[in-house]
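Colleague: Chain by chain, the residues:
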Amino acid sequence: MKDSNFLKEHNVRSMWHPMAYPADSLANPPTIVTGGAGVRITDVDGHEVVDGVSGLWNVNLGYSCQPIKDALAAQLDQLPYYSIVRGTSNDAVIQLAEELRAFLEPDGLTRAFYTSGGSDSVETALRLARQYHKTRGEAGRVKFLSLKTGYHGTHFGGVPINGNANFSNAYEPPLAGCRHIPAPYTPVATHLMRPNRSGWRCCAWRYWRTGSPFRARAASRRSSWSRCWARGGDPAARGLADVAGPPRDDR
Amino acid sequence: MIPPHEGLQTLQARHETIDDLRGGHGLMLALELVGNRDTKAPIDKPVAGRVQEETYRAGAMVRVSARNITVTSAGAGRGGRAGNP
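If you read the sequences in order, they're chains W and D.
FYI, my numbering numbers position 162 of the first sequence as 162, with every residue one higher than the one before it.
Heads up: take any position in the second sequence, counting from 1, add 1000, and you land on my numbering.
There could be a bad hint or two in this list.
As the list claims (entries may be wrong) - From the structure, some residues in chain D lie toward chain W, with a derived Cβ separation under 7 Å:
hint	residue
1	G1059
2	A1060
3	M1061
4	V1062
5	R1063
6	V1071
7	T1072
No lab work stands behind these hints, which were simulated from the structure alone.
Where a beta carbon is used, it is the ideal one built from N, C-alpha and C, also for glycine.
Chain D extracted, bound-state conformation (with noise of 0.2 Å):
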């Protein structure tokens, strides 16, 4: 299994959207999108949007708070069972 801040960094190399990643330590991950890295402009708002809908069609339920993704490390590194978290 890849380490989620791992896995987010793979993400920050191939989209340039993704502009700033935290994380790494504890719990939380977040990614911070942008239209343009350079000038920092905001992505569209709906664009986030869309992020959240393909990636939980693709299998993972995400949060989007404005134009930031969270995601806990609790649920995006382990593959548990029940009972077995």
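Extracted from the complex, chain W is given alone in its bound form (with noise of 0.2 Å):
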């Protein structure tokens, strides 16, 4: 390894870190991380603590788990890698889809389709959700329904429906019909809750009905809160279903 001041002085030189701007990067170095076991970290200054963060919410074994390295080491021994596009496939991937069908099928879902990531995935996901209802008779069900406050990745299926605006504006225009809704936020989200503090609940409808929470009041008079509950059920179902049921050519 190249000594610490190499590794600080040339951290932002040649890289760029997901998610800032070079020159942020420059202004506040990161730490540096060069060692880890179980669940703590060492940097490149020689301190040492609990990572409370697990990698970035991944390292759910903790760092070099010993089960997991065997696992690693002997796979690589027998078979690195081999393709599984149309025509071959491997006996490492037909047991962990048989693994994974055995741990998800109690929510419904009974196949696996490798990605090399969560934008991947969240991009064949997309893909899928059209080719499934174009497959079905139904090519006019295209629009993707997010919740404001959504993350789904950085590529660009999943970049225009992400919430949160920092993430797609700069790489605007967006995937055709993406749609956001609103998503139960209850804390400080005092922009939410200024019309009348009243919740969450029925600033999420205002915003549903009015696509703002300033210009909300008006509407919300009008509207429809106890309407809504009396035709029966939850309004963010209810509106989900205005939108994505039959095929609309308002897009």
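Combine the two chains into a complex, taking the hints into account.
Modeller: Dropping the structure here:
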């Protein structure tokens, strides 16, 4: 390993950090982690801490977990890679799919499609959703509904369905047919609470009807929180049915 | 070992700045920081950064997103060694 001065000096010189401005990365140098064992990580200065973030929430079994290292090494010895694109498969992916099925079948997920990451998965799911409806003869069902505060990754399909505009503004124009709907977000969402501080439900409802909490007051008087409940059911679900139901040509 | 959610509840009782505490179910925990609990005025952004720095100095890496702090209980809850998560 190069010494710590080299690493600190070069960190931002030849690479970009995701979701950061290069100038900011220079001004606020990141912590450079050089070791990990169990729940602990060690930085380039030798400072050891408990990693409360689990990497980026993905190192769920700890760093340098022996059974995982053993399994990785054994697989590398036996077969490091073989393609599963049409015509070939390999023993490991077949067995993994069965494990996943056993784990996820109670939630209705019975088949795996392997991808290389989260954004890749979202992208694939969006494509499959459209293909599903086309195959079933409902080619008009092409819209994507997502929650205003949601995060769906950084690829071209995931970006416009993200709820936070910081992740999408710079990459517009977006994929067509993306709609955002209100999400429950209770505590410090003062901009949502402001209209009458009556809680997220009402505000979310107004948001849904008007697209803005600030244009919402008049509309909310006319409409219909109570009417909505009287008609039965959750307004969010009803709203979903309105938009996602029959194919519409207003996209 | 104190369960991580309980530990954060203790912190919440001690610090006005911690408004909302999520967690106690599953792996994720989160703290929402405010400048004022009554008005829910957001905390100054540099304060969240300082909390992150001080926490790191005191022995734990946590993640700050905007004015929220997230922790996984897998990391916060156990003091395992390598190979023994």
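Colleague: Indicate, hint by hint, whether the structure satisfies it.
Modeller: Verification of the supplied hints:
Residue-level restraint check for G1059 (chain D) holds (minimum Cβ-Cβ distance to chain W is 5 Å; threshold 7 Å). The restraint placing A1060 (chain D) at the interface with chain W holds, with a minimum CB-CB distance near 5 Å, inside the 7 Å limit. Checking M1061 (chain D) against chain W: minimum C-beta separation of about 5 Å stays under 7 Å; hint holds. At a threshold of 7 Å, the smallest CB-CB gap from V1062 (chain D) to chain W is about 5 Å, leaving the interface hint in force.
Annotation: interface hint on R1063 (chain D) holds; nearest CB of chain W at approximately 5 Å, less than 7 Å. Hint status for V1071 (chain D): holds, given a least beta-carbon distance of 4 Å to chain W, under 7 Å. About 4 Å separates the beta-carbon of T1072 (chain D) from the nearest beta-carbon of chain W, less than 7 Å, and the hint is met.
Violated hints for the displayed structure: none, as all numbered hints are satisfied.
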